[in-house]
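Take these sequences, add in the hints, and give me the full structure.
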Amino acid sequence: MSVAMREAFGKKLVELGATCPELVVLDADVSSSTKSGLFGNAYPDRFFNIGVAEANMVDIAAGMATAGLRPVVNAFSIFLALKATDQIRNTLCYNNLPVVIAGAYGGLSDSFDGASHQSICDIAIMRAMPNMQVIVPSDARQAELALEYALKQDGPVFIRLNRNPMPDLPASDEIGTVVCSEGSDVTIAANGITASFANEAAALLAKEGIKAEVLSVPMVKPLDVESIKKSVAKTGKLLCVEEHALMGGFSSAVSEAFMKQGICCIFDAIGIEDRFTESGPYEPLLAKYGISAENIANRAKALCK
Amino acid sequence: MNTGVTQLLSDPERKFNAKELAALAAYFRVVMFDTLHDRGTGHWGGAASSAELTTSLYFNRMNIKTDESKWEDRDRLILSKGHASMNLYTILANRGFFPTEELATFRKLDSRLQGHPCMKKLPGVDMSTGALGHGISIGLGMAMAAKVTNRSFWTYVLVGEGCLNEGQSWEAIMSAAKFKPKNFVLMVDYNKVQLDGTEEEIMPLGSLSDKLKSFGWNVCPHAYDGNNTEDVLSSYDWMDQDDVWPKAVIYDTIKGKGISFTEGKSSWHGAVIDDDSYAKGIVELKKDLQNKEAVL
Numbered sequence: 001m002s003v004a005m006r007e008a009f010g011k012k013l014v015e016l017g018a019t020c021p022e023l024v025v026l027d028a029d030v031s032s033s034t035k036s037g038l039f040g041n042a043y044p045d046r047f048f049n050i051g052v053a054e055a056n057m058v059d060i061a062a063g064m065a066t067a068g069l070r071p072v073v074n075a076f077s078i079f080l081a082l083k084a085t086d087q088i089r090n091t092l093c094y095n096n097l098p099v100v101i102a103g104a105y106g107g108l109s110d111s112f113d114g115a116s117h118q119s120i121c122d123i124a125i126m127r128a129m130p131n132m133q134v135i136v137p138s139d140a141r142q143a144e145l146a147l148e149y150a151l152k153q154d155g156p157v158f159i160r161l162n163r164n165p166m167p168d169l170p171a172s173d174e175i176g177t178v179v180c181s182e183g184s185d186v187t188i189a190a191n192g193i194t195a196s197f198a199n200e201a202a203a204l205l206a207k208e209g210i211k212a213e214v215l216s217v218p219m220v221k222p223l224d225v226e227s228i229k230k231s232v233a234k235t236g237k238l239l240c241v242e243e244h245a246l247m248g249g250f251s252s253a254v255s256e257a258f259m260k261q262g263i264c265c266i267f268d269a270i271g272i273e274d275r276f277t278e279s280g281p282y283e284p285l286l287a288k289y290g291i292s293a294e295n296i297a298n299r300a301k302a303l304c305k
Numbered sequence: 306m307n308t309g310v311t312q313l314l315s316d317p318e319r320k321f322n323a324k325e326l327a328a329l330a331a332y333f334r335v336v337m338f339d340t341l342h343d344r345g346t347g348h349w350g351g352a353a354s355s356a357e358l359t360t361s362l363y364f365n366r367m368n369i370k371t372d373e374s375k376w377e378d379r380d381r382l383i384l385s386k387g388h389a390s391m392n393l394y395t396i397l398a399n400r401g402f403f404p405t406e407e408l409a410t411f412r413k414l415d416s417r418l419q420g421h422p423c424m425k426k427l428p429g430v431d432m433s434t435g436a437l438g439h440g441i442s443i444g445l446g447m448a449m450a451a452k453v454t455n456r457s458f459w460t461y462v463l464v465g466e467g468c469l470n471e472g473q474s475w476e477a478i479m480s481a482a483k484f485k486p487k488n489f490v491l492m493v494d495y496n497k498v499q500l501d502g503t504e505e506e507i508m509p510l511g512s513l514s515d516k517l518k519s520f521g522w523n524v525c526p527h528a529y530d531g532n533n534t535e536d537v538l539s540s541y542d543w544m545d546q547d548d549v550w551p552k553a554v555i556y557d558t559i560k561g562k563g564i565s566f567t568e569g570k571s572s573w574h575g576a577v578i579d580d581d582s583y584a585k586g587i588v589e590l591k592k593d594l595q596n597k598e599a600v601l
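Quick note, the sequences are listed as chains P and Y, same order.
Per my numbering, the very first residue in the first sequence carries number 1; after that it's consecutive.
Per my numbering, the very first residue in the second sequence carries number 306; after that it's consecutive.
For the record, the hints were derived by calculation from the structure and aren't laboratory data.
Please note that the accuracy of each hint is not assured.
[Stated by the list, open to error] Each pair of labels, with its calculated beta carbon distance range:
id, chain 1, residue 1, chain 2, residue 2, range
1, Y, D372, P, D168, 48 to 56 angstroms
2, Y, A482, P, E283, 38 to 46 angstroms
3, P, P21, Y, T503, 45 to 53 angstroms
4, Y, S519, P, E278, 40 to 48 angstroms
5, P, F276, Y, K375, 44 to 52 angstroms
6, Y, T410, P, D113, 31 to 39 angstroms
7, P, E256, Y, K413, 41 to 49 angstroms
[As the list claims (entries may be wrong)] Here are the computed lysine to aspartate or glutamate pairs in the EDC-like style, where the Cα-Cα straight-line distance is at most 16 angstroms:
id, chain 1, residue 1, chain 2, residue 2
8, Y, K483, P, D45
9, P, K301, P, E200
10, P, K230, P, D185
11, Y, K425, P, D154
12, P, K260, P, D224
13, P, K234, P, E200
14, Y, K452, P, E22
15, Y, K485, P, D224
16, Y, K483, P, D29
17, Y, K452, P, D224
18, Y, K324, Y, E598
19, P, K229, P, E200
20, P, K260, P, E226
21, P, K11, P, E144
22, Y, K592, Y, D339
None of these values were measured; they are calculated from a predicted model.
Quick reminder that beta carbons are idealized off the backbone N, C-alpha and C, glycines included.
What follows is the structure, given as structure tokens:
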């Protein structure tokens, strides 16, 4: 198991704070959960706890960005996406301000807190906003790379983070698609932490003689269509997997791009159906809503029939 | 259009006195009413309400460079009541940020003069606004950034009642009292009329001064007359008298100020200025301008 993304992200903020005096970090009274408090301990003059007021926090960050600072705002992803939507769209995105939105506890990862805290429509909301880039890292290393990338951009970037330690994937030097395993029968394009389940699924499929190619695809916007296209050219079959509602998220983005480019393939998508989720231990919860190695393997196998 | 106060505009560095500011605001009302009538769209009521407030800031108070609109040490104004865009545009154009002829493109396709101000399109606009309630948070962020970067620029946020209806404003008011950034001023254009009716009918603010004080702000001891430039300049004296932050100034103003039949009328918040109303209204505005130029 790797360290949790939030742990890695918090430490990376501290590291980058040493060489980037413009870096300021804001949190909405969850800094011990998001781990942005690590930055606060290291640089108290550049850390601002705004209280439970996500909308206010995002606009404060926007004002700071106009005056030359590089703010990173931290809160639970669902509350950034829902309580600060107006501020993210009308202030950050409209003005293309370089603010990093670090959405903690993405997907179902705040598993015990239940549906009110589980963030399964954040990607759909964020990707609908012009100028916004959307990154869903799949492990701790990708979370660090996403932050380094985001701080080099001229506009807003949403990074959706996961609460819990998840297995490490093959390492890469920059944020982008990682080919976790090569295969010629079916492509599994996995977004965020679903990549580790997709890797397990590939192992299950291999036992049955099915060679799955697993892609970990963190960049939802701009979407890395080329990597997926290249794999599908080989396999002719695509299974998208995401820890998000099936409407408007990663699978939707892939479908839109494929339809527009006239790419035909046998297709399926695993994500949260049109329903609310619930409390429970993380992995059994994911499994109940379709995100498990077994389900991914079964659905991939069905595409190969 | 006239030969009085506009002659003074040829000096881009000029710091206007109270009488000159009054004449200038009267002139800007004429330009705003003309332009809004010509374009058949836009918000007269709130633009007329804040004319003296914005004129005094840009022609007496703010430290700005019109040839360097992104100068990092400039003072900032956030027009949180972004529907008063025609007021801001008229001032920025006449201050020299862009040609006054461009005012005629207001709300046209491809214009830099959007319905509500856009900082990415038009020089001099410090923040895009329109959706109400954002300004105080954004201004607070600017003022906090000044502290982090050791700069001393001022940040002014101009709000109306509509902004103060929004919950975000009170989040921002609460948090400003925590961070207490220097040179951060909330200016309330308190005309007591909203879009749908009076403040009392729509959402009474009660004692605004007491509310702000209880949130920990340094609030002006009495409301100033925001349509009287002498009084507006007095409010600057109050702003400069101590180092207790954040500061809030409440200005009593009149929505639709300058034309008898638009004053205090919610129906003139965003109504199209028809030809009859224009013909009657412009006479009143020009008379006011003449009176104010006569005493220069």
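Satisfaction of hint between E200 of chain P and K229 of chain P, Cα-Cα up to 16 angstroms:
violated (23 angstroms)
Check the following: the C-beta atoms of E256 of chain P and K413 of chain Y are separated by a distance inside 41 to 49 angstroms.
violated (33 angstroms)
Taken at face value, is the distance from the CA of E144 of chain P to the CA of K11 of chain P at most 16 angstroms?
Holds, at roughly 9 angstroms.
Restraint status (C-alpha distance of K324 of chain Y to E598 of chain Y at most 16 angstroms)
The given pair, whose Cα atoms are some 8 angstroms apart, holds under the 16 angstroms limit.
Do the Cβ positions of A482 of chain Y and E283 of chain P conform to the proposed distance bound of 38 to 46 angstroms?
For A482 of chain Y and E283 of chain P the Cβ distance comes to about 45 angstroms; the hint holds.
Look at the Cβ atoms of D372 of chain Y and D168 of chain P and judge whether their distance stays inside 48 to 56 angstroms.
Hint holds: Cβ distance 54 angstroms, inside 48 to 56 angstroms.
Between K485 of chain Y and D224 of chain P, does the CA-CA distance stay at or below 16 angstroms?
Status violated; Cα separation ~45 angstroms.
Hint check: K483 of chain Y vs D45 of chain P, CA-CA at most 16 angstroms. Holds or violated?
holds (14 angstroms)
For the pair supplied as a hint, K234 of chain P and E200 of chain P, confirm whether the alpha-carbon distance does not exceed 16 angstroms.
violated (21 angstroms)
Is it true that the CA of K592 of chain Y sits at most 16 angstroms from the CA of D339 of chain Y?
This hinted pair holds, its Cα atoms lying about 15 angstroms apart.
Does the structure keep K301 of chain P and E200 of chain P at a Cα separation of 16 angstroms or less?
Holds, at about 14 angstroms.
Tell me if the straight-line CA distance from K483 of chain Y to D29 of chain P falls inside 16 angstroms.
holds (14 angstroms)
The earlier numbered hints that this structure contradicts are 6, 7, 13, 15, 17, 19.
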